[in-house]
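Undergrad: Below are the chains, spelled out letter by letter.
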Amino acid sequence: MSEKIYSTVPPTPGSEPYWEGAKAGKLLIKWCRDCSKPHHYPRGVCPHCLSTHLDWKQASGTGEIYSFSIMRAAKPVYVIAYVTLDEGVTMMTNIVDADFAGIKIGQKVKVVFKPSEDDGKLACFTPV
Amino acid sequence: MSLKGKAYIVGAYEHPTRKAPDTSLAQLHAEVAKGALDDAGLTKNDVDGYFCASGDTPGLGGLSMIEYMGLNVRHIDATDTGGSSYLVHVGHALEAIAAGRCNVALITLAGRPRSEGMQTGTAPRMGNVQQPDVQFEFPYGPAIANMYAMVARRHMHEFGTTSEQLAWVKVAASHHAQYNPHAMLQKVVTVEDVVNSPMVADPLHRLDCCVISDGGGALVLAKPEIARSLARPKVKIIGVGEANKIQGGGLALDLTYSAGRRSGKAAFEMAGVTPADIRYASIYDSFTITVIVQLEDLGFCEKGAGGKFVADGNLISGIGRLPFNTDGGGLCSNHPGNRGGMTKIIEAVRQARGEAHPKVQVKNHDIVLAHGTGGSLGTRHVGATVILERE
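So the sequence lines, in the order shown, correspond to chains A and B. Residue numbering for the first sequence follows our numbering, beginning at 433 and increasing consecutively. Residue numbering for the second sequence follows our numbering, beginning at 2 and increasing consecutively.
Be aware that one or more of the hints could be misleading.
[To be verified] Derived Cβ-Cβ restraints for the label pairs, each shown as a range:
id: 1; chain 1: A; residue 1: 507; chain 2: B; residue 2: 278; range: 27 to 37 Å
id: 2; chain 1: A; residue 1: 520; chain 2: B; residue 2: 194; range: 37 to 47 Å
id: 3; chain 1: B; residue 1: 273; chain 2: A; residue 2: 446; range: 42 to 52 Å
id: 4; chain 1: B; residue 1: 127; chain 2: A; residue 2: 456; range: 22 to 32 Å
id: 5; chain 1: A; residue 1: 509; chain 2: B; residue 2: 56; range: 38 to 48 Å
id: 6; chain 1: A; residue 1: 520; chain 2: B; residue 2: 127; range: 41 to 51 Å
id: 7; chain 1: B; residue 1: 194; chain 2: A; residue 2: 490; range: 26 to 36 Å
id: 8; chain 1: A; residue 1: 490; chain 2: B; residue 2: 56; range: 53 to 63 Å
id: 9; chain 1: A; residue 1: 446; chain 2: B; residue 2: 381; range: 39 to 49 Å
id: 10; chain 1: A; residue 1: 508; chain 2: B; residue 2: 56; range: 28 to 38 Å
id: 11; chain 1: A; residue 1: 540; chain 2: B; residue 2: 2; range: 31 to 41 Å
[What the hints assert, rightly or not] Covered by chain A, according to a simulated footprint, are these stretches of chain B (three or more residues, beta-carbon under 8 Å):
id: 12; stretch: 6 to 19
id: 13; stretch: 355 to 364
If you are wondering where the hints come from, they were derived from the structure by calculation, not from laboratory data. Positions of the beta carbon are idealized from the N, C-alpha and C atoms, including for glycine.
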C-alpha cells in the first residue's frame, strides 16, 4: 500500500517558518519573550498576553498521548490524537506507524514527519 | 437590572420534515417563521427583531431572509455559535426586548444536510483558510465524530465511564422517540444494540451519534405586555447564560468539561433556582457523550459521575429523576441543519406548556431547562443555557 499523502493547507502570513521547519524535520513551537510561555497552534500574537514578541524554538519532539480516537468510519483508518509535548503544549496530531489496538492514553510518543501535498511534511507521532 | 422575566416565549414551531429535497433553504426558514407566528397568534407585521445564525441562513447575515419574508425590523442579530446559536439568541432577544430595542423577536433555523448528502460527522470539513487553526488541524482529519470521541476516551480514562453508560443516553432518547411520529428513529433500542452497532470513531458507535436531518424550527419572543394579550400558555424566560471554552493556547486543554460550567451557573443565578428545581431538561445530544459532559457541568451530578447518573433509565420520562429530550432529541428525532439548539428549546417549551406527548409529559413541574454546545466539544465551543418557567 502506498503511503498516505496528507493535505496541505496554504500557510498564512507569518506561519511559513513552521512549515519550512517541518520540511527540515523540525517541530517548531512559538514562545513569548514577554510572558515566557509557549503556545500551540502557532500564532502571530501570544494568546496568553497578546505580545507580538515571539520566537520559534525547536521542540524536543517527545510527549505523551492526552487522548485519541481510531476513525473506523474512514478508509484508510487513521488515529487522531492530542499529544502533550514535553514543553507543556498540547497539539492535535495523528498517531502513525503503530499497532492501533495498543494505543493508550499516557503513552510516550515521538515526532515523525509524514509527506503532505506540495512536497510538504506534517508532524505526526509514533510510540517510542 | 435583572433580565429575569423581561420576555416570554410566545411561539414555537418545529418543521415536521426530516428530508426536504424539493424545498429551498430560504423557504424552510420562512415556513418555520410562519409556523411559530401562527402558534403565537401573531403575524409577520408584528415582528420588529430578527435573529438567526449566519452559518445556516442564506445571504449576508439575516439580510436576505428579512427581505425574503417581507419583514421590517429595527433590531438584527446574526450571531453564529454553531448548534447553540438559538439558545444564545434567546438570551440576546431577551436583552433586546428588555432594552426596548424590539417588542417581538423572531428566531429561525433551517438546514438541508440530508438532501445535500453531507457526511456530517465523519468527513473533516475545512473552514476558510484564514481561520487561524485550520492549517494546523485540518490535515489531521478532525471530523465531528472523532473530536467528540476524544472527549469520550478521556472521560473514560479519568472517571471510568463505560460504553454501556454512554449507551443509556441513546436508550432513553429512543424510549421517548417511539411516541414522536416525526422522529427519524422510532424503534426502542437497548444498551446491547448501541454497543454492538458499528464503531464510527472509537469509542463512539453509530448509535452514539445523532441523526442527520433536514428541517428547521423557529421561536417568537415577546415583551410581557404582548405575551399576556395572547391566548397561549405563558412561558417566561427566567434565566439565560452563555460562555465559551478555549484551550488556553495549548497549555490548558482539558476535554472533560464544557462551557456549560459557566453558562449554566449564570443562568441558574439569574433564575434564582438550582439543578434540584429542574424536573425536565433539554440537553444537546449530538453524541451520547455530549449529554453526560453537559449534565455534569450544569450541576445535575458531580464531575465524572455523569455515566452513573444517566444509567438505568434515569433520563427516561416516568422512570428517571431527570427526563430529557422527550421528543427523542437529536439522537433519534431531528438534528436540523446539524444544529441542535433550536429543537432543544422547542421541546422545553412544549414541556413547560404541558403540550409534550402525554406518554412523556412530565407532571407537576413549572421550571424547565434547555442547554446546548455549539462548535466542537473537543476544540473550541460556546455553551448556552436557558431556563423557562410556566406562569
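Undergrad: Compare the structure with each hint and give your call.
TA: Status of each hint after checking the structure:
Taken as a hint, the range 27 to 37 Å is violated for the pair residue 507/A and residue 278/B, whose Cβ atoms sit roughly 49 Å apart. The beta-carbon spacing between residue 520/A and residue 194/B, approximately 43 Å, falls within the hinted interval of 37 to 47 Å. For residue 273/B paired with residue 446/A, a C-beta distance near 48 Å keeps the hint of 42 to 52 Å intact. Remark: the range hint 22 to 32 Å for residue 127/B to residue 456/A is upheld by a beta-carbon distance near 26 Å.
Against the hinted window of 38 to 48 Å, the Cβ-Cβ separation of residue 509/A and residue 56/B comes to about 30 Å, which falls outside the hint. A hinted range of 41 to 51 Å is violated for the C-beta pair residue 520/A and residue 127/B, which are about 28 Å apart. Checking the proposed 26 to 36 Å range against residue 194/B and residue 490/A shows it is violated: the Cβ atoms sit about 50 Å from each other. Between residue 490/A and residue 56/B the C-beta distance comes to about 38 Å, which lies outside the given range of 53 to 63 Å.
Distance hint for residue 446/A and residue 381/B: a CB-CB separation of about 20 Å, inconsistent with the stated range 39 to 49 Å. For the pair residue 508/A and residue 56/B, the beta carbons lie near 31 Å from each other, so the given range of 28 to 38 Å is met. In this structure the supplied range 31 to 41 Å is violated for residue 540/A paired with residue 2/B, their Cβ-Cβ distance being about 55 Å. Counting residues of the stretch 6 to 19 of chain B whose C-beta sits closer than 8 Å to any C-beta of chain A gives 0, which falls short of three, so the coverage hint is violated.
Residues of the stretch 355 to 364 of chain B with a Cβ under 8 Å from some Cβ of chain A number 0, which does not satisfy the need for three, so the listed coverage is violated.
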